Structure formats: structure tokens, C-alpha cells
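J.: One line per chain: the protein sequences are A and B, in this order.
Residue numbering for the first sequence follows our numbering, starting at 168 and increasing by one per position.
Residue numbering for the second sequence follows our numbering, starting at 168 and increasing by one per position.
Think of the hints as simulated: they come from the structure by calculation, not from any bench.
Treat the numbers as computed from the prediction; the structure is a model and nothing was measured.
Hints may contain errors.
Because identical chains share one entry, a pair is satisfied inside a single copy or across any pair of copies.
[Said to hold, decoys possible] With a straight-line cut-off of 35 Å between C-alpha atoms, the simulated DSBU-like cross-links for lysine-lysine are:
{"#": "1", "residue 1": "Lys190", "residue 2": "Lys613"}
{"#": "2", "residue 1": "Lys677", "residue 2": "Lys613"}
{"#": "3", "residue 1": "Lys286", "residue 2": "Lys613"}
{"#": "4", "residue 1": "Lys494", "residue 2": "Lys180"}
There are 2 protein chains.
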Amino acid sequence: MNLDATKAYAVLKKIDPNTISLKRLLTLARIEAYSIPAGGGLTYNYAAKRVTDRVLNVLQRLARERKLIAQFEALYNGAVANPGEGRMVLHHLTRGQLGRDVLHQGKNLRSFYAQQQKKIAAFCRQVHSGKIKGSTGKPFTTVVQIGIGGSDLGPRALYLALEQYARERGRLRMEARFISNVDPDDANGVLRDVDLERTLFILVSKSGTTQETLANERLVKAKMAKAGIKGMNPDRHMIAVTSETSPLAQSSEYVRAFFMDDFIGGRYSSTSAVGGAILSLAFGPQVFEQILAGAHEADELACEPDIRKNAALMDALIGVWERNFLKYPSTAVLPYSQALLRFPAHLQQLDMESNGKSVNRDNRRLAYATGPLVFGEPGTNGQHSFYQLLHQGTDIIPLQFIGFRKGQTRFDLKVEGSTSQQKLGANLAAQILAFAEGKQDPNRNKTFEGGRPSSLLHGEQLTPAALGALLAHFENKVMFQGFLWNINSFDQEGVQLGKVLTKEVLRGPKDERLIAYARLLGV
Amino acid sequence: MNLDATKAYAVLKKIDPNTISLKRLLTLARIEAYSIPAGGGLTYNYAAKRVTDRVLNVLQRLARERKLIAQFEALYNGAVANPGEGRMVLHHLTRGQLGRDVLHQGKNLRSFYAQQQKKIAAFCRQVHSGKIKGSTGKPFTTVVQIGIGGSDLGPRALYLALEQYARERGRLRMEARFISNVDPDDANGVLRDVDLERTLFILVSKSGTTQETLANERLVKAKMAKAGIKGMNPDRHMIAVTSETSPLAQSSEYVRAFFMDDFIGGRYSSTSAVGGAILSLAFGPQVFEQILAGAHEADELACEPDIRKNAALMDALIGVWERNFLKYPSTAVLPYSQALLRFPAHLQQLDMESNGKSVNRDNRRLAYATGPLVFGEPGTNGQHSFYQLLHQGTDIIPLQFIGFRKGQTRFDLKVEGSTSQQKLGANLAAQILAFAEGKQDPNRNKTFEGGRPSSLLHGEQLTPAALGALLAHFENKVMFQGFLWNINSFDQEGVQLGKVLTKEVLRGPKDERLIAYARLLGV
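So here's chain A without its partners, still in its complex pose:
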């Protein structure tokens, strides 16, 4: 059923947004009450969202009407939730069992994912202990992931999120780097920085056919071969993460192969072997298990039918309210944590690739807006950049703040009466109120209209468990929104045409316009 065919939609349509003033809504009582546990020690606070209790009640009815929790149950119990590709959607099982056993060709898939993680953990112990070494006899100290899209953004965001946390505790086992872009400047830059003899590469491609990733693999191996290091055997410096049916799976060119399968979409694969290999190598398998535990906790919380007790569901519903009724076309993710510097880029893929769709699950064109534009940078950096437009621009952009009471590193200093960590938190608190409340001034240029809604995900510290919960919170939010819009959040047909035309350009295109553009670009 499409969103605009629901009874709740008709009710929401009748509510005049102009009657809802965020300035009047934002009270102390609301800040204290509008709060939901989100897993991993995180809490989702939606006091500064432009929703009345009446709106929330209708959103609750909408959740029931669209059977969102039942849809989620069906998904994790193995329904074909990705109809376009005829696939189940099982990333939740990479971190725990939510419902029944899910079997495929007689194989229990939760067991399969858990088994891969165990194999990765065993491999890590051999690498960390020096039992598995590079081809010239030196221990591995650096790990480089070669992958693009979901094989890059999520794992990279998670690695960066915990790099200082691990260093501070002396627990960074291996330094990680990433090669993604087909631009050879990317691989050449990374290869210049690493000690090839001590570097283990992870080739990540589910299909084993990703153009960029295979080109980068060959580039890396060619450079290793050309480095003139005696005894260097590039094959002994590379493992593969792929599906069991891919051409890479049985190749002898890899030290090991670890597997995911077609039921784990790229942008949902951080908790599978795609994230598991690099994060376990970098931080040790235990830290990766903590990430999984946090994610699983958030998944369990997402099973709750009461929207006031289900952070991901509430977040999803408010997002749809903002997109389809308040007509806000974009949303910003603003983590007040330097460690989350690439988390917005991961969410950008997660959300925009999942819900940037125009047809419903029956391939019928929709008459309403779906997934928003998602962007963001860490605070306080963004305050000195694009916040001017957020505060005083002509469009309203809803905001998702993320903040922690403690940093990941210990060294801090009081300057003018407060530590840097206190300044960070104070800035975030101030921004929420500034955006919601605004400020009148006789000088119109110094006037802030306010009425800019935001929510806040907050916790004690960005630990592995908090990070896992954060990841799962947004995965589940995006999933619920897909259910609401009645779209398939798990395919990506929109990337196909570019692939086809790229091959045409490389083969020698017939279209004279393609020829002209190719010539401008030296192809």
C-alpha cells in the first residue's frame, strides 16, 4: 500500500503545518520526556522536532496501518524483502538472531555469518601473532581495503570512528587505509605511504566483478611486482571478501577468502565480513564483537511497536512527516565528534541509495517525494562553514545532531574556564536552541527566524557498542522509511545505466555526444 493511500496520510494532510510552532513546543518538560533508548548507551531525543502530540498519535496510527513492525519481522525472518532482485534482506543476522532460523538451500544463514566471523577472528589471531606473515617474512602491520561504495564508506567510517579510541588504549593492532576510486591517483597515493612488505590487502567485491575494485587490485599487484623487492609475492599479501559464487571465491590468488552473500546489500554490509575483516584486523576481533553487540541491541529495540519506545521507528516517522508534509527536501547529519568525520558520508550512501527511488515495490510510479538529500560534516567545524545557510537561508533543513559526554582521548585543557570537550558540548546545546528558537533583532540581518527542527542522539562516549548502535539505528530508520514509502530500499537500479554507457565509451561509442564528451576527457 502506498503512503498516500493510508488513512493516516489523509489525516496528516489535513494538519496545517503553519499551526505548529517549534518555538512554542520546545519546553523543558518535552526535553525531559521526548527521549528513547537507542542501544549501546545511546538515547534519541526528539524534543526539538516540529511535531505535536497529535501528529505523533497519527504517526503511531500510520505505523500500525502500514504494519511496520510486522514488515520488519517478515524481513528478518527471511521474506523476499528485496523484490526487484528476488532476494531476502538479512544484514540483521550478521549481528544476532532476531527471529526464526532463516534457511537457504538447507544452510542456516545466521550460522553462516557467525561462522565467517569466527574464521576472520582466527585469521586475525594468526596475523597479529605473526604466524601469518608477508611473502618476504615480515609481519603485517598495515591493512588496506580495496573496495568501493558499501565496501568502502561504512568500513572506513567505522575505522575512523574508533582509530583514536583504539590508539588511546594501545589497542590499534594494525593501521588501516582504503583504496576506492578508479582514479589511479587514489591507489598510487596510498601505495606511496605504506610499507608493501608489511601490508595486507583486502579485496572486497560481492560479485567479484566491480570494475573499479578489480582495476585497483591489478594496479596494486602490478606495483608490488614492480617494486623490485626480493621474494615479494603479491598473492601472499591479499585476502578476498566476496560471495561464495563469485569468481574470486575459489581463486588461488588470495591468502584467504571470507564470505557474505546476496542477502547482504553493500550499504548494509559493515557488520558482515565486509566490515568484519578490516575492523577485526585493525582493532582485534573483540572490538568488532562489541560493535556487533551494540548493533544487535539497537535491532532488538527496533522491534517495539510503540513509536514512543522505538527510536529508529520514531526517527523514520518524523522524517516522513518532514519530507512529505512539511516538505523539507534534505536533512543534515551533524556529529559533534571528530571521530565521526566520515559517518555522514556513510549515511549519505545508506539513505540516498536505499530510498532515492521513484517507483513502489510493484514498480508503479509514486506521486509523493521519497528519500531526502543527506549531507553533513562534524561540529563544530560545520558551524564555521554551512551553518550560516541553516540559520538564515531561505530553506529549512532538518538536523540530526550526535553528541557524547566524553571524548575518546584523555588529554584536555581548561582554557577560559572550560575544557575543549565542555566547549564542544556547549556549542551543541547552544545550536539546538538557536535553531529552534531563533532571535528577533531590529536589524533584519541579525534576525534568526528559528523554527529549524533538530533531534539529538547522545551517549556517554563513542565506544564500539555505541558505534554499532548508531549504525543500526540509521539502517533501521532507513528501512522503516522504505516501508512507509512502499519502495524497495534494497536494490539500486539507478546505478546501472552509467555502467552500461561507461562500457560503451570504453568499447568505442556510436553516440556522437558520448564521443564528444569522451574526447574532452581524453578517453
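Since the structure of chain A is provided, determine the placement of chain B on it from the hints.
T.: Same frame as chain A, now just chain B:
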């Protein structure tokens, strides 16, 4: 005069966008003809924009009606182009003389900026030759910029844009790092990586009062003092870039101080001492001079009144057409060059902080939309992330592609008949056509509507001169759009309220809601 008071606006309003089909417009002849030199060897191609010749003719009239070139001339000749702060706007003079001498209190400002650059160059030579050393007698090999907003994003984007270029040629004189966020995890992470004895810090703050930057300075100095290195004197490891009137200017706590002034806005300061110090230290003063030469060339091209010969002006006008008549609220910057990975973040500040305004230059509220949301990531990475929404989402987002015929590094490999660089270019050519043309399919989920407009800035290679031109192109585009919208693109009153409330939180706030949020965040 406001945009909606012009005659051209009324004419444009009468054009029905539905009559303009990009699919029909995009011909070979247009790709060949709709091309403008943009400086530094770059060319701006707007064949795939949704503009007819009729629209272009009216935009030309609009340019004349709003006297855009005369406004630009007045600006670089020293008019008070930033009325809110009563300041001139002179960043063009940091890279060359465009018009008359501009004097302030008897001082020729072009000479002042050039003299600062000469002083920086002389200082660099002393650092590079080892004449100026760290306090423990070791030569400086790393430079760390401490700054936020315009003191961070532009210089960082430019450094990353040329890092591999310089390395490839053996011309990276010093490695550069950046500390920006007040989150202490940022500074602690950078300090963990560098050899303090060999590190020179640059403190960058025009006013000398930026909260984040001063907190980070103190944190850095405290950590150096605590490192227990015999003979370590933190003051001998830091230079300042500031205005002559700031408290930092005369302090003895810095090895040297270099100056800009109030006529150089933060987001326009990359070609002043703000970018000059770190880029000259990293790459040598000659490379920085090449950046300036490229920027100056683009500035000179921006003086041309014929919009078909002025890339920045054309880009600006088409952007206004897209924002106010086609009603597209955002725009993506998509460089097919890994080196430009942070260039979109710089443009995000440049554009959104300049033109995210709701009042005109007389502080009257505007009835039309101004600056769009700007975001982006390098291609091909973005193709595996948010392009799904760009191709098949319910909103249209205009695209700004950037591409080069050659990479910055030499090592490349043919895989399946093409090099990685050729694949990169082929992907970009394919995307332009895919977005414009789309593709029909019996399966609606595999249908691409097309009609997604894009432009292409292309060149031979991302050299220092090309980079300078790229920087200036967008600065001038944003400036012309500010003129068109009749807004002040050079102030940023929207950042003030947050600063005021942050101080309130740190002093002990009275507002119970601020207290509540501060408590959630551990302040």
C-alpha cells in the same frame, strides 16, 4: 535592486520550464559550441544544462540590467561591497591587480598582500634550508595548520589537491596536517602522528579571538610542554597568520606573524597568507605563485560582459535560473579526481556561508530563494553511493562535474583494454549522458527519466594553475550570484547566535532548556 524587480525576471517567469527538454537540447553541436575558457587551462562546458538560447539571451539581459560586471569592477576597485560590516572585499588583490590601486589609510593594499607573500616566501626558504629550526635543533619537516572554517577548509582542500602532484615530482617540501575541531580528539589525533621536534604550527585567526582555534593552540602548546623533550620551547614552533590589529600580531609567542586584513573574508582567504603560509611551506613558494597566477587569470576572465565568454558569470546565471525558475533547491559538486576529495567541502562553505541569506543588502526580507545547498564527493566513488537518488530520486539535483584528461601520478595499468585513468574519464562522460538522456524500459524500476542537468569543468591536468583557476571560478560565481540576489555575500551574521548561546552555556545558563541540553551533553 532585488532580482524580482528586474525586467528580465518578469520575462524569465513567463517561460514555462516544461517546454524545455534537456533530452532534445543535448546535441553534438551544442557540446562543441557551449564552451568557455575558465583560466588555468580549464574550460567550462554547459551543453547539458537545461537552458535554451532564449533563456540565455534573457540571462544576458539580466546581467546587463543588474550591472554585474560594473558591480564586480566596483568591488575590486575598493567599494564597500560588504555593507553590513562596512568593509571592502579585496580577495582578488591577493593574486593580482585587476583595476585601480586600492588604498586604505594611505596603504596600497595590493602591495600589502604581495609583500606578505614575499615575507612568507623568504621565511619558507629559511625553513626549507634548515636555517630556521625547531627549538631542539632539528629541521622542520611537518607543518600543522590550526584554524577553523575558512582558515581550514580552503587551505586543506588545496593542500590535498596538490599533495600527490608534489610527491610525484619529489617536490613535497613539508607534509601538512590540520587541526580544526574544538573536539580535543582532533588535536590529540594529529599530535599523536607528528614528531613534535620537527613540527611547525601555524595559528590562523583573523580576529585572534576564534574560540576553537585559541583552545587548540593552548592544547597543542600544553602537550608540547608536557612531552618531556629537553630544550623544547613551544613558542619556537609556532607562527601566526592574523590581522595586524589582532592580539596575536605583536605577541612574542610566535616565531613570525604574517598578515591579512578585514577585507579578506575567511572563506575567500585561501590566496591570502591564510593559504599562502601552509601551501608555500608544503610545496614551496613557486607552486603557491602558480596557484595565484591561475586564480588571477580566472579573475580577469570574469571581467568580460558577454556571458558566453565569461565562465563564472554564465555558471552564476544558470545557477539562478535553476534555483529561482526551475526551483531546484540544491546542487552537487562531483570532481572526477581523487585529489579534489575535500574541494566540495570548501565549496560548501564558500557558497552556503556566502549566499545562505534571507535579507537583501538593505536588510529587507527577500521573497525569493537564495543560495542552494551544496554537497559532493569525488567520482567514481559517488556513483556507488548517492547517485542512485540523483538518477532515480523524486527530486532533480543539478550537477557540477569536474574532470581532467591526465591524472597527477604516472603509474597506471591497462585492465580489460583500458587504463584506470581512461575508465575514470569514460565514467564521467557516460554519467553526463545518462543524467541528461535517461533511458526508457518496460520495467519502470529500470527506467531513467533523464532531464538531470549538469555542467563540466575540464582541463588537461590538475596543476597548481588549474587549481587556482578552479578556486577563483567558484568564488566569482558565488559573488555574481550574490549580486543577482542582491544579498551581501561577504558577512555571516548567521553564525553569531550560536556563539552567544555557547558562551551562555559555559557561563552557567539561565534558560532551563539550555541547562537541560547541556546536562545531556555532560557540560
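J.: Between Lys286 and Lys613, at a C-alpha cutoff of 35 Å, which is it: within one copy, between copies, both, or neither?
T.: Neither, since 60 Å and 38 Å both go past 35 Å.
J.: Using 35 Å as the alpha carbon limit, work out where Lys494 and Lys180 are close: within a copy, between copies, both or neither.
T.: Cα proximity of Lys494 and Lys180: in one copy and across copies (12 Å, 23 Å).
J.: One pair to classify: Lys677 and Lys613, alpha carbons no more than 35 Å apart. Within, between, both, or neither?
T.: between (57 Å within a copy, 22 Å between copies)
J.: Within, between, both or neither: how does the pair Lys190, Lys613 come out at a Cα-Cα threshold of 35 Å?
T.: within (18 Å within a copy, 44 Å between copies)
In the structure shown, a violation is registered for the earlier hint numbered 3 alone.
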